[in-house]
Amino acid sequence: MLKQIEGSKAVADAVAACRPQVICAYPISPQTHIVEGLSVLVKNGTLENCEFINVESEFAAMSVAIGASATGARTYTATASQGLLYMVEAVYNASGFGLPIVMTVANRAIGAPINIWNDHSDSMSQRDSGWLQLYAETNQEAADLHVQAFKIAEELSLPVMVCMDGFILTHAYERVDVPEQSHVDRFLPAYIPRQTLDPVNPVSIGAMVGPETFTEVKYMAHMKNRLALDVIPKVAADFQKAFGRSSGGLVRGYKLEGAQTVVIALGSVLGTIKDVVDEMVAAEIKIGVLGIIAFRPFPTQAVRKALAHAKRVIVLEKAFQVGIGGIVIENIRHALRGTGVKDYTVIAGLGGRPITKDSLRNFFNAACSDQVDELTFLDLDQALAESEILREAVK
Amino acid sequence: MSTTPIKFYQVGSFAIGNRLLPAQDRAIQSDPNRTNALTSGHRACQGCGEALGARYALDAAMRATNEKIIVVNATGCLEVFSTPYPESSWRLAWLHSLFGNAPAVATGVAAALKAQAKNDIRVIGQGGDGATVDIGFGALSGMFERNDDVLYICYDNEAYMNTGVQRSGATPPAARTATTQAVGTNPGNLFGQGKNLPRIAMAHEIPYVATATVADLRDLEAKVTRAMSFRGARYIHVLVPCPLGWGSESCDTIKIARLATQSGLFPVFEAESGEVTSSTSIRKIVSVEEYLKLQTRYAHLFSPTRRDDVIDHLQAIADKNIARYNLISEGSAHL
Amino acid sequence: MEYPFAITLSANSSLANHTGSWRVEKPEYVHRMPPCNNACPAGENIQNWLYIAEDGSYEAAWRALIIDNPFPAIMGRVCYHPCESVCNRAELDEAVGINSIERFLGDHAIEKGWTIPAPRVESGFKVLVIGAGPAGLSTAYHLRSMGHSVRVRDATPAPGGMMRYGIPKYRLPREVLDAEINRIKEMGVVFEMNTRVDDVHDALDEGYSAVFLAIGAQLSKRAYIPASESARILDAIKVLHEVEDGSQPLLGRKVVVYGGGNTAMDVARTAKRLGAEEAIIVYRRTRDKAPANDQEITEAIEEGILVKWLSTVKHVDEKKLHIEKMELDENGFPQPTGEFETLEADSLILALGQEVDFSLLGNSADLDTKDGVMPVDATMMTSHPGIFAGGDMIPAERTVTTSIGAGKKAARNIDAWLRKKAYEKIENNDIVTFDQLNTWYYTDAPHIVRERLEASRRAKDFSEVVKGLNESNALYEARRCLSCGNCFECDNCFGVCPENAIIKLGPGKGFEINLDYCKGCGICVAECPSSSIIMVPDK
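Protein chains in written order, with the working numbering: chain P, 1 to 395; chain V, 1001 to 1335; chain E, 2001 to 2539.
Pulled out of the complex, with its shape left as it was, chain P reads as follows (with noise of 0.2 Å):
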């Protein structure tokens, strides 16, 4: 049904559609709208036979998540920031374990300085957690992916991260088609847990491995997680075939036929890009855009095929990689191996900054002639940092 609705409601929404049965919330910005939109569901008997705990830390959240997924639950939790690397403990965990768990990341900056507005930073630190990463474009698409993760992470037995900038999204009122209960039921099977605590069939999970096997535990585990490149996609071809729309899947490419620049981005951000590219594109620019939306596993050959005919690449990233640059970039680079395609990267939106239109057209503009560095932080007051860096170096 379509509303005029916040994307944070939307995700609440499209999340109690899925039934889960244990939720656990820990409160930070910008995710808090989504969990008090489902204890609001909880509360009012929209969403049974679901336990709704308020705890005590997104440590406590994870690990409530944890054990409720081992007992044989549909959980889902929902953080962000310094959330996130508050319960990286037990983020890893939960993938270790293969637990199907769902959760927001409703994406923003890492401190300090301490800075609420969006970027990617959070999720980027965790891309080698295990968990599978999905980047929503839109609302719809936030609301869409989160019911497809459900199926994915029960179908592989993995936690799936489902990421949406923060502010820009979860707070935006947009028009959604929320999913609609009767669909999502007929679309999301009950969850059967690979494995679960059971009395009657007693096992002792979360067993100390040493070197002799941990090796092998670990190939599996990336091998598991690889399996999702198949699974993503079929689950999205589902869900088109059970709501009559596109969300989802591995990649996306915008305008590619005949590109010979591709612009690459996670997120939010792919809607301004595509602006900007169309103007370009109407001013006889070969430039078109590669979205990613799974960004684990990395969808390496999706990508390879997508970029084809690309002579260059612009990948915009809202997150860097303190000491060396981009993150994607070397993700894009490893599919790129030996095409010889040149690449620029572009670090931008950091804390919250705009990115505006005008800045992305000349930046592009100029990639597309190669006047640009490797690597380049957008819009940076570079006169202010130089100076700062001086007085600093000075003492």
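Honestly, I wouldn't trust all of these hints.
What the hints assert, rightly or not - When the alpha-carbon atoms are kept at most 30 Å apart in a straight line, the in silico DSS-like pairs for lysine-lysine are as follows:
hint, chain 1, residue 1, chain 2, residue 2
1, V, K1255, E, K2504
2, E, K2509, V, K1255
3, P, K342, P, K286
4, P, K3, P, K255
5, P, K311, P, K357
6, E, K2467, E, K2289
7, P, K43, V, K1118
8, E, K2319, E, K2238
9, E, K2325, E, K2238
10, E, K2504, V, K1068
11, E, K2308, E, K2289
12, E, K2026, V, K1255
13, E, K2185, E, K2112
14, P, K311, P, K255
15, P, K305, P, K274
16, P, K274, P, K3
17, E, K2370, E, K2126
18, E, K2026, V, K1293
Don't read these hints as lab results, they were simulated from the structure.
With chain P's structure known, arrange chains V and E on it following the hints.
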């Protein structure tokens, strides 16, 4: 007192069994068909108090719940020695997640059971003192505050034994650990407030809080059984001597636990909704020295120079417990 | 269910890990010697029959008891119970009232009419027992149990020896004595009373393969005491014998008994019961040096008998006697003080101990004697092959219980001798001491005091002074036993093992160590209340 002493036969109810008592009056541990929640082949040190305490407590819980329990275990000795791949010593549904999150994981298990209407299955969280009073403290307090339907059992051996005997928030004053060495003018752990988790648990006004030791099995079993009769958050703090960390003989594990109670250093009591409802009287009172001298972690109090000041300080702690919990009754005998 | 590799494990799978390999010492269940058993002159397995009695299996307990001693009802009255003196429980609170439980079992057996079956197989050997006192009866009983044909000869009209002719009825009612002796008769032992044996060798000629001599020590020791001719001086043993025969010895209103042994107490108390207004015991040393059992002294004093400690009789006249006060020297020996006192006395009864009357053996005098007793070898055999001896006539403590023990020992050796085998006693000197017990586990349970007849009523007749226990307090008392050195299935080992390495075999079957898992921590040993597990080196 949670148990009614049986004045019958030569051992009454002090010993574990008693061939002349009807089966229901014997300790659960005396049952040849007991569940052995923690089975043979585990890799605990010789004379491990924690292995004993865990089996005692969980067998009692299994009995109380018709064997329908799920146990969540914090990282620590108990976890490591029971489940090194490829062998598990548990005979119940068991989950180990992390060091600091056992109470929260247990909450999750309880929530999942409730959501699935499996109300007959009960949840136990357990961990050592490090997991309980230090790293998992926040999670435990949260579990208490929400009154989640979990019995949490702390097996307190008064230091981080698994990592090599480092000080924890439950390490008693003057005790030598790897991080509170017996050197300098104030050897061993410093005197401070300590972190008295049973009292902190009581401050949450949860339905049931109790302390126990491996030296009084009947009491421990009765407390676990009683704990399982409540819904909501419950806490049992069990003193489990560690021969390795305490520097005691492996055969003296139970004796030392007994001396801890009989000296007053470890008060045995139970509380409901924040109020102490009973305490176990000292039967044969001993000085703290009787307890201390069996453990090399206190050796520096006796040699090379005797530290009467420190021993007196420890005695004062015991005396305070005795007064606070009314541990001396008419039947208490001085040895 | 599909379990994740390595991270999820099957329950109970650690049984594959045999931690027994860590062990350098292992526990072992043992049977150690409880101090009571060790102290029992009759060699009773006290701990064992107490253990059986603890669950109310009185007949089984009684049958276990009579393996060693056929006279529990008698023992429960006349034994001075050295077992209780060494009982480890005394250090905890008070000794277990073993004697009272023994009496309960004995009385219970009489009440229920339990009998001892005749042996199933007859050995074909004939043995003659000379003397129907405790040693003779005990030997006869044991030999009969072993299948031998036994005949007992005694000069007195009724069997019992000193139990009948020395111990007064108020301590040992005759129906009890008769009941327990009768049981031996019913086993097929033949009693030939009023029969003196003049020559032991004749017995061997009569076809007896062995002879056991137990003629006792019935001759009163005579001290030289200057006395006027009219002084009435009697012999304690004779007085007691006469009382038993039903004749009334003339003792007078005021009776003085000289001596400090049990016979002195018995005769003084008997004198009171015969009507003496005053009975005074004169003894040359102090109470703590007196050979009489302290309880007997107490009872005598309770009954109004006066005792002149540290006094000797110097001269006896008609109706009075002169005594001299003594004092102890630094070595504790009494020395005369020169201080004298006069006591009114119609008679003086001497109770200064007894000697063996070898004249009773008549022509058997070729058997070796030494220092007034007959020496025997380690097998209780005299200097003559096939002739054994025991009881008061051999060098030993002269108590009923010691004699019964000697009888058992003699019977075993006679049996071995008859069958031309050697009897080898299994020595167990591993006596359990109090500090080896873990007394924490025993409940606090004070001893039950046996009810006694009121002192004022006692001296009126020969009613039994000490009352027995009833079933419920006998049970309570039995359960006070600490079971020193022997498992009583308290399940402590089974419960305290951190490895679950103790296997409980079921009621009465005890426990076994599962060495696959035992790490040798020793907690089972430390927490065993009764010290019946020990650690031994392993590998």
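Margin query: Just to be careful, I want the Cα atoms of K3(P) and K255(P) compared with a cutoff of 30 Å; is the pair within it?
Written below: holds (29 Å)
Check: Taken at face value, is the distance from the CA of K1118(V) to the CA of K43(P) at most 30 Å?
Finding: Holds, because 21 Å separates the two Cα atoms, which is no more than 30 Å.
Check: Holds or violated: are the alpha carbons of K2370(E) and K2126(E) at most 30 Å from each other?
Finding: OK: K2370(E) and K2126(E) at ~29 Å, within 30 Å.
Checklist line | Hint consistency between K2026(E) and K1255(V) [alpha-carbon to alpha-carbon, up to 30 Å] | finding: Given pair K2026(E), K1255(V) holds - Cα atoms ~19 Å apart, limit 30 Å.
Item checked: K2319(E) paired with K2238(E) [C-alpha distance capped at 30 Å] -> Judged against 30 Å, a Cα distance of about 21 Å means the pair holds.
Checklist line | Pairwise hint evaluation, K1255(V) against K2509(E), where the allowed Cα distance is 30 Å at most | finding: holds (27 Å)
Checklist line | Satisfaction of hint between K1068(V) and K2504(E), Cα-Cα up to 30 Å | finding: Distance ~25 Å between K2504(E) and K1068(V) Cα, so the pair holds.
Checklist line | Proposed proximity, K2289(E) with K2308(E) (alpha carbon, max 30 Å) | finding: holds (13 Å)
Next item on the list: Measure nothing beyond the straight line between the CA atoms of K342(P) and K286(P); if it is 30 Å or shorter, mark the hint as holding.
Entry: holds (15 Å)
Next item on the list: Would you mind confirming whether the straight-line C-alpha gap from K2026(E) to K1293(V) stays at or under 30 Å?
Entry: holds (26 Å)
Item checked: Hinted pair K305(P) and K274(P), Cα distance within 30 Å -> It holds: about 20 Å lies between the C-alpha atoms, which stays within 30 Å.
Margin query: K1255(V) and K2504(E) were given as a pair; does the straight-line alpha-carbon distance stay at or below 30 Å?
Written below: Roughly 23 Å between the alpha carbons, so the hint for K1255(V) and K2504(E) holds.
Hint check: no violations occur; every hint is consistent with the structure.
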